[in-house]
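A.B. asks: Listed below, chain by chain, are the residues.
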Amino acid sequence: MCLAIPMRVISIEGQRAVVEQGGARRTISIGLIEEVKAQDYVLVHAGYAIARVDEEEARRTLELIEQLAERADRSGVQPPDESGGAA
Amino acid sequence: MNQDLILLSHGAGGQLMSELIDAMFVSGFDNPILRAREDSGVIELAGERLALTTDSFVVTPVVFPGGDIGKLAACGTINDLAAVGAQPAALAASFILEEGLEQSLLRCCVQSLRAAAEEAGVWVVTGDTKVVPKGSADKLFITTSGIGLVPHNLTISASAARPGDAVLVNGGIGEHGMAVLCAREGIDLQLDIGSDCAPLNGLVRALIDAGCDIHCLRDPTRGGVAAALNEIAQQSRVCIELREESLPVAPAVRTACELLGLEPLQVANEGKMLVILPEEQVEAALAAMRAAPYGAGAAVIGRVVQGPPGRVQLKMTVGPTRVIDRPVGEPMPRIC
Amino acid sequence: MKYVDEFRDPRVVRDLVEAIGRVPAPRVRLMEVCGTHTMSIARYGLRELICERADLISGPGCPVCVTPQGEIDWFLEAARLPGVVAATFGDMMRVPGSYSSLEQERARGADVRVVYSPADAVELARKNPDRQVIFFGIGFETTAPAVAMSVLEAQRAGAANYSVLCAHKLIPPALRALVEAPDLAVQGFILPGHVSAIIGSRPYEFLAREHGVPCVIAGFEPVDVLQAVHMLLLQVAEGRSAVEIAYGRAVSPDGNPKARAIVSEVFDVADARWRGLGEIPASGLAFNAAHAAFDARRRFEVTPPPAVEPRGCRCGEVLRGLIAPEQCGLFAQRCTPRAPVGPCMVSSEGACAARYRYGSPGGRA
Numbered sequence: 001m002c003l004a005i006p007m008r009v010i011s012i013e014g015q016r017a018v019v020e021q022g023g024a025r026r027t028i029s030i031g032l033i034e035e036v037k038a039q040d041y042v043l044v045h046a047g048y049a050i051a052r053v054d055e056e057e058a059r060r061t062l063e064l065i066e067q068l069a070e071r072a073d074r075s076g077v078q079p080p081d082e083s084g085g086a087a
Numbered sequence: 088m089n090q091d092l093i094l095l096s097h098g099a100g101g102q103l104m105s106e107l108i109d110a111m112f113v114s115g116f117d118n119p120i121l122r123a124r125e126d127s128g129v130i131e132l133a134g135e136r137l138a139l140t141t142d143s144f145v146v147t148p149v150v151f152p153g154g155d156i157g158k159l160a161a162c163g164t165i166n167d168l169a170a171v172g173a174q175p176a177a178l179a180a181s182f183i184l185e186e187g188l189e190q191s192l193l194r195c196c197v198q199s200l201r202a203a204a205e206e207a208g209v210w211v212v213t214g215d216t217k218v219v220p221k222g223s224a225d226k227l228f229i230t231t232s233g234i235g236l237v238p239h240n241l242t243i244s245a246s247a248a249r250p251g252d253a254v255l256v257n258g259g260i261g262e263h264g265m266a267v268l269c270a271r272e273g274i275d276l277q278l279d280i281g282s283d284c285a286p287l288n289g290l291v292r293a294l295i296d297a298g299c300d301i302h303c304l305r306d307p308t309r310g311g312v313a314a315a316l317n318e319i320a321q322q323s324r325v326c327i328e329l330r331e332e333s334l335p336v337a338p339a340v341r342t343a344c345e346l347l348g349l350e351p352l353q354v355a356n357e358g359k360m361l362v363i364l365p366e367e368q369v370e371a372a373l374a375a376m377r378a379a380p381y382g383a384g385a386a387v388i389g390r391v392v393q394g395p396p397g398r399v400q401l402k403m404t405v406g407p408t409r410v411i412d413r414p415v416g417e418p419m420p421r422i423c
Numbered sequence: 424m425k426y427v428d429e430f431r432d433p434r435v436v437r438d439l440v441e442a443i444g445r446v447p448a449p450r451v452r453l454m455e456v457c458g459t460h461t462m463s464i465a466r467y468g469l470r471e472l473i474c475e476r477a478d479l480i481s482g483p484g485c486p487v488c489v490t491p492q493g494e495i496d497w498f499l500e501a502a503r504l505p506g507v508v509a510a511t512f513g514d515m516m517r518v519p520g521s522y523s524s525l526e527q528e529r530a531r532g533a534d535v536r537v538v539y540s541p542a543d544a545v546e547l548a549r550k551n552p553d554r555q556v557i558f559f560g561i562g563f564e565t566t567a568p569a570v571a572m573s574v575l576e577a578q579r580a581g582a583a584n585y586s587v588l589c590a591h592k593l594i595p596p597a598l599r600a601l602v603e604a605p606d607l608a609v610q611g612f613i614l615p616g617h618v619s620a621i622i623g624s625r626p627y628e629f630l631a632r633e634h635g636v637p638c639v640i641a642g643f644e645p646v647d648v649l650q651a652v653h654m655l656l657l658q659v660a661e662g663r664s665a666v667e668i669a670y671g672r673a674v675s676p677d678g679n680p681k682a683r684a685i686v687s688e689v690f691d692v693a694d695a696r697w698r699g700l701g702e703i704p705a706s707g708l709a710f711n712a713a714h715a716a717f718d719a720r721r722r723f724e725v726t727p728p729p730a731v732e733p734r735g736c737r738c739g740e741v742l743r744g745l746i747a748p749e750q751c752g753l754f755a756q757r758c759t760p761r762a763p764v765g766p767c768m769v770s771s772e773g774a775c776a777a778r779y780r781y782g783s784p785g786g787r788a
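Chains as they are written, first to last, in this note's numbering: chain Z, 1 to 87; chain C, 88 to 423; chain U, 424 to 788.
Since the hints were made in silico from the structure, they are not lab data. Ideal Cβ placement from N, Cα and C applies to all residues, glycine included. What you were told as hints is all true, and nothing was included just to trick you.
In silico DSBU-like links for lysine-lysine, alpha-carbon gap of 35 Å or less:
hint	chain 1	residue 1	chain 2	residue 2
1	Z	Lys-37	U	Lys-425
2	Z	Lys-37	U	Lys-681
3	U	Lys-681	U	Lys-550
Computed Cβ-Cβ distance ranges for the label pairs, DEER-style:
hint	chain 1	residue 1	chain 2	residue 2	range
4	Z	Glu-57	C	Glu-185	51 to 57 Å
5	Z	Glu-57	U	Glu-661	21 to 27 Å
6	U	Gly-493	Z	Glu-35	41 to 47 Å
7	C	Lys-217	U	Asp-691	55 to 61 Å
8	C	Gly-251	U	Asp-478	34 to 40 Å
9	U	Lys-550	C	Gly-187	15 to 21 Å
10	Z	Gln-39	C	Asp-225	40 to 46 Å
11	Z	Glu-63	C	Arg-201	56 to 62 Å
12	Z	Arg-16	C	Lys-217	42 to 48 Å
13	U	Gly-581	Z	Glu-35	28 to 34 Å
14	C	Asp-91	U	Gly-581	41 to 47 Å
Start from the sequences, fold in the hints, and give me the full structure.
C.D. replies: See below:
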């Protein structure tokens, strides 16, 4: 369980914030998290922000995966052909 | 579990509703025209093919972003006629009014109905009015019926899809359902798009005039594209494959569906027409649709392929293919 | 969608599938314990993509599925009380209790309302002072803070007509019960990303330290899940066992202390009964004395008829990862999303529903 999607904070008023993502916006509670400011992204679950999205960590994660692929290409390792129809 | 009661899910356009219609109405009224399960019933009258359709509108809230129940009532019936290739010739409109309804709200809805009918080139020539005690109706229910002639050379039917055919739609999916759901109390999501409610007889006319040999037409209302294509796949006994990357979905619809745990393919549309026709005619069809009203976003979303008859599947952007079912009942926002 | 699309990029998915293929480890059995993971894996066909390297099974991560029949029956009885508005997340509407469901009760005249947020239920209470609004509090550590917050908000607003049936459960004690059971054969855990956003990574350390099971905390997009699988395979290949975080953009080792404090302000940890797992000590939440006034159980005198477990239903074994959905005799035969017997099929994220709905062509009866 835990449907939560990242949404960008547009404005804050006390314990409530207006958040937005791709043309949809809602007023939610930010009472469960610390230090959030406008333009931050937060994870929204059941009308509450439960965590701030760390931009740096998001970038790092994708970079790590990119490096995996580069290392594999460089070392000339042929991966087994099991990408299951992704082609 | 006691299954004898009618549930809201029985009206949601999904599996439960389909079962109810079959067991209660198609069996109950039993005749070959009804058994064909097309969007309009087509009868032979005085040498002509007359299409007749009816639809009830009970939407809540009565006024929503992009329209109101009046506009919906006109477009729904006009589109059911268009879906068998008929141009609307006349409409009837019955009103069930709840005691206490503001006359100004009623006037507004009547004006919207008229405007949509005018756009489609048709009059409301007859109707009915009933008032029920407070609590017996949610402000206002409208039932519209429509008639139109089907050109003799057209053989559009839900059982006419063939392997190799292309599946097209005239624009973004899931807009009406999400606009209405998000406007409801307790959801309160503001979207930058509204209902796509629109009369599509002009769009269908453009396709016919372009000489397209249309196999199937269906307006994917409750139950969404998923329900409509499942019905066609079943009646034509074919397999339909959609491509995820080709599905037109407005960003706001996408976000709202992700937030509430819903699938755009299972959400209602009121201004969309699914068009199935031979592959060779795709270019001509796209050109005709894109030049027609409400067709600017026309796109190919899939094909009729070799596969188990009655199945609809989605080739996902990440690679694998999965089955697309009709929804069981009403789309329910979830947190898990 | 930012922070979503990048983690569904087919090229990144392909890179990860290839990386997974390169890890020199035997084929492993990995368990996830989060219904949203169950859904994500089924929806994106991830099982298919990595079936040569890993067998992905579902554990007791669907809060709807693990809510015992008795609790559902209690809420259904309460919904029938005059003057009550039964507010619930949409997930619970079609779940069968022993005799009925919320959807059926609504058809019989109960005032049942689906809300997106417990805050909406408090709003209902404020707008309808002459009614009693009871909210069905299901969910794990991700949702408990929101429900706790709603109680505090109701208190602040003076909405004394708001109450909650607290059915919240906690993941780490269930994991402990699972890993201590003799019949569990799992080489790694994919841990729930949003539960972990609240509780951090420390509560899971016992799995690695005491039981030597590799663990990775994962997000929910295809890239997130595949990355977790890759990291788990590396642990297995290198003979390590640790609790690693693959979902760094949302999870820190310390989690969200503020959210946890709000939960503690309203709830105490208590023993709880899980469908399929039985009674697990200290695995659920219950109202503390200070907020007992909002406890629906204390406010309402409700005695549902004795709970009845449906015959032939093997949800308990599915929940413990002992059998796959297809191995239940009722799967896709008598038990379908259209007419579900047990909660694993009706819950949108139950293992059986996910397998049925998103089964790949040919994978269904």
